[in-house]
Amino acid sequence: MAELLQFVITGISVGMVYSLIALGFVLIWKSSSVANLALGQIVLISSWFTYSMLVQVHLPVYIAFPVVILFALLLGWVIERFALRRLIGQPILSLIAVTLGIGYFIEGIITFIWPWSVDALPRLFPQSVIHIGPAVISQEYVWVIVICLLVFVLLNLFFRYHKMGIAMRATADDQMAVQACGIPVTRVFSVSWMFACVVAAIGGILISSIGGITHGLVDTGLKSFSVVILGGMDSFGGAILAGPIIGLAESLGGGYLTTANWGGIRDVVPFIIIIIVMVIKPYGLFGEKRIERI
Amino acid sequence: MTLPCGTRNYNYGEDMAIVRTRTHWGMLIGFLILLFTMPLYLSNYRLGVMNSIGITLIAAVGLNILVGYCGQLSIGHVGFIAVGAYTSAILTNRLGMPFPVGLIGAGLVAGFIGIIFGLPSIRVKGFYLAITTIAAQFIIIWVINHWGYTGGFNGITVPYASIGGLVFRSEGSQFYLIITITVLCVFFAKNITRTKIGRAFIAIRDNDLAAEVMGVNLLYYKLLAFFIGCFFAGIAGSLLAHYTGSLYGEQFSFTDSILYVGIIIIGGLGTSVGPIFGVVFIRLLQQFLTVAVVPWLGHTFPNFPAGFASGVAPMVFGLVLILFLILEPRGIAHRWALFKAAYRLWPFSY
Chain U
1 MAELLQFVIT GISVGMVYSL IALGFVLIWK SSSVANLALG QIVLISSWFT
51 YSMLVQVHLP VYIAFPVVIL FALLLGWVIE RFALRRLIGQ PILSLIAVTL
101 GIGYFIEGII TFIWPWSVDA LPRLFPQSVI HIGPAVISQE YVWVIVICLL
151 VFVLLNLFFR YHKMGIAMRA TADDQMAVQA CGIPVTRVFS VSWMFACVVA
201 AIGGILISSI GGITHGLVDT GLKSFSVVIL GGMDSFGGAI LAGPIIGLAE
251 SLGGGYLTTA NWGGIRDVVP FIIIIIVMVI KPYGLFGEKR IERI
Chain F
1001 MTLPCGTRNY NYGEDMAIVR TRTHWGMLIG FLILLFTMPL YLSNYRLGVM
1051 NSIGITLIAA VGLNILVGYC GQLSIGHVGF IAVGAYTSAI LTNRLGMPFP
1101 VGLIGAGLVA GFIGIIFGLP SIRVKGFYLA ITTIAAQFII IWVINHWGYT
1151 GGFNGITVPY ASIGGLVFRS EGSQFYLIIT ITVLCVFFAK NITRTKIGRA
1201 FIAIRDNDLA AEVMGVNLLY YKLLAFFIGC FFAGIAGSLL AHYTGSLYGE
1251 QFSFTDSILY VGIIIIGGLG TSVGPIFGVV FIRLLQQFLT VAVVPWLGHT
1301 FPNFPAGFAS GVAPMVFGLV LILFLILEPR GIAHRWALFK AAYRLWPFSY
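Line by line, the protein sequences give chains U and F.
The C-terminal position of the first sequence is numbered 294 in our numbering, with every residue numbered one higher than the one before it.
The C-terminal position of the second sequence is numbered 1350 in our numbering, with every residue numbered one higher than the one before it.
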């Protein structure tokens, strides 16, 4: 029982991070129909940058964190401005391939600057354990859940009340009409990439403060695609709900099946879910079903 | 423009022929002679590069049929290469089968696994399919690492390829084996795209709904594309297994899958020469970077942390892929076609 509760809480908190990263994906997909497969690498490079700021430059946390956010904003802007904007209107294959190329490039930069490939981020949250019923859980997981919820609320408020947020929702709805209304669509694309990178960076920091920085963070980015697929590509609510589901499945599956001689199953559970969802309900729980015409 | 001046078709056979003029025949035979005498004047190291080009080319040709002709984006190609490699290894090492059985078996098993993971392609396409193939790669590699029969993390050794009493042990003999199969595969792929099947693939790529309305059986042809593409991957995997002699799960990384997509895009999607250009370009670039640039960088900047220079290769590949997509989305093959046209019309370009 204690074990189960432990798995549930760690699963939910890791799942929240997945949905945070997935949110970044959905943001870009909704506004510009670009599938960003470089998400994992963006997560990884943001974590490394945080490491540099905290450990190599010795900045205090309250300065380092805004610097990281600025870095993520810049990263998103650069990617959109110099790669994606030049490919507006190209077939989907080119758009997917260019994000793959960006991911490859970022991975090269990471090896170039931080070649030792594994390191620990300083602990950002208090370490003392807390007791929930019979379970003993590191406080970090609870903090992760709280911060994720906070970011969800902030994003929601932004989309509901801020002018840019409303413009982004409108762009997702109908690009042509938005352009006719005089909203600069390219700037909307730019902002959505910047936001996506910031969200991915926050997710990366949260997850690497618990598990350290490894190349596995790229796989974390790939796993968050299962969240996107399960929740539906164009649904914010779907991403937020599907994240904890994937996290739970991963944590419970990993927790109980590893002992049954299925080592490492934890890492493929999200991918198995992808295949199952594809066969049963390809457009996800809340995704909009596309109707095609010739 | 595709034919030299004054070449006309008088019957359907001539219209369909790949090699038309005497110059074509001369160049083809000359090229084949050049290719098959390479072991006489190339060092073992360079033959090794040629072998890796050959193996990569077989897989890239398969991926080109799947992505370039049929339009089904697959980012898990290395997973299917791994299936082929391990099938061949298990057949020859554990079951003691001869190499030709392992080779064909590898192709067939990889093809059938490809069909299984290609099943979602009936309902989804584009990004959804890309994600499915990524998932396929991770699941395949996990199974390989955790299934006792494949050797798991300890790896599995593979005997040298042998046909009859002939054992392909030296670099030169392996070169003949690999290059012969590569030439056959390229020829087979070129012909498959000129048949009814190839035209159905192209129809599906251009608009699958329209193709279905016209009577192309989507289920059959999409799965056939997956089967053919993964069959080639399996053949490449089998050759890779017998070439390297031992297999580990880590040899088949997701980054390489991305590299394969990059190769066919740089070469030119949906053309028969595209994969050749792409593979030669990428492999030679890789050689240049690892042999010349990386040691030079490490030598010039000794104060940097160890191993930083190995990041150069992915950086350059990523950059090359992005630049090609922005500046020449039709790849080197298109430039080659332009060059041929200009060459034929020179000096009167009208």
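Just to be clear, a hint being listed does not mean it is correct.
[Said to hold, decoys possible] Pairs of lysine to any residue, SDA-like flavour, derived with a Cα cap of 25 Å:
1. F:1125 / U:237
2. U:30 / F:1219
3. U:289 / F:1190
4. U:30 / F:1207
5. F:1190 / F:1205
6. U:30 / U:245
7. U:163 / U:145
[What the hints assert, rightly or not] Far from chain U, some chain F residues (derived; all Cβ distances over 12 Å):
8. 1007
9. 1032
10. 1163
11. 1194
12. 1280
13. 1329
None of these hints come from the bench; they were simulated from the model.
Heads up, the beta-carbon is just placed ideally off N, CA and C, and yes, glycines get one too.
Straight-line Cα separation of residue 30 of chain U and residue 245 of chain U no greater than 25 Å?
With Cα atoms ~22 Å apart, residue 30 of chain U and residue 245 of chain U stay inside 25 Å; holds.
Least C-beta distance from residue 1329 of chain F to chain U larger than 12 Å
At roughly 6 Å from the nearest Cβ of chain U, residue 1329 of chain F sits no farther out than 12 Å, so the non-interface label is violated.
Please verify whether residue 1190 of chain F and residue 1205 of chain F have alpha carbons no more than 25 Å apart.
Holds, at about 17 Å.
Evaluate the condition: distance from the CB of residue 1163 of chain F to the nearest CB of chain U exceeds 12 Å.
The claim holds: residue 1163 of chain F sits with its nearest Cβ about 37 Å from chain U, beyond 12 Å.
Say whether it holds or is violated: residue 1194 of chain F keeps its Cβ farther than 12 Å from all Cβ of chain U.
holds, 23 Å
Compare the distance between the alpha carbons of residue 1125 of chain F and residue 237 of chain U with 25 Å, and conclude whether the hinted pair is satisfied.
Answer holds: residue 1125 of chain F to residue 237 of chain U is near 23 Å, not above 25 Å.
Given the hinted pair residue 30 of chain U and residue 1219 of chain F, is their Cα-Cα distance within 25 Å?
Violated, at roughly 30 Å.
For residue 1280 of chain F, is the shortest CB-to-CB distance to chain U above 12 Å, so the non-interface label stands?
holds, 19 Å
12 Å cut-off, C-beta based - residue 1032 of chain F kept clear of every residue in chain U:
Non-interface label stands for residue 1032 of chain F: nearest chain U Cβ at 33 Å, farther than 12 Å.
Is residue 163 of chain U close enough to residue 145 of chain U, meaning Cα to Cα at most 25 Å?
violated, 28 Å
Residue 289 of chain U and residue 1190 of chain F were given as a pair; does the straight-line alpha-carbon distance stay at or below 25 Å?
violated, 38 Å
Would residue 1007 of chain F pass as off the interface with chain U, using Cβ distances and a cut of 12 Å?
holds, 34 Å
Going through the hint list in order, the structure does not satisfy hints 2, 3, 7, 13.
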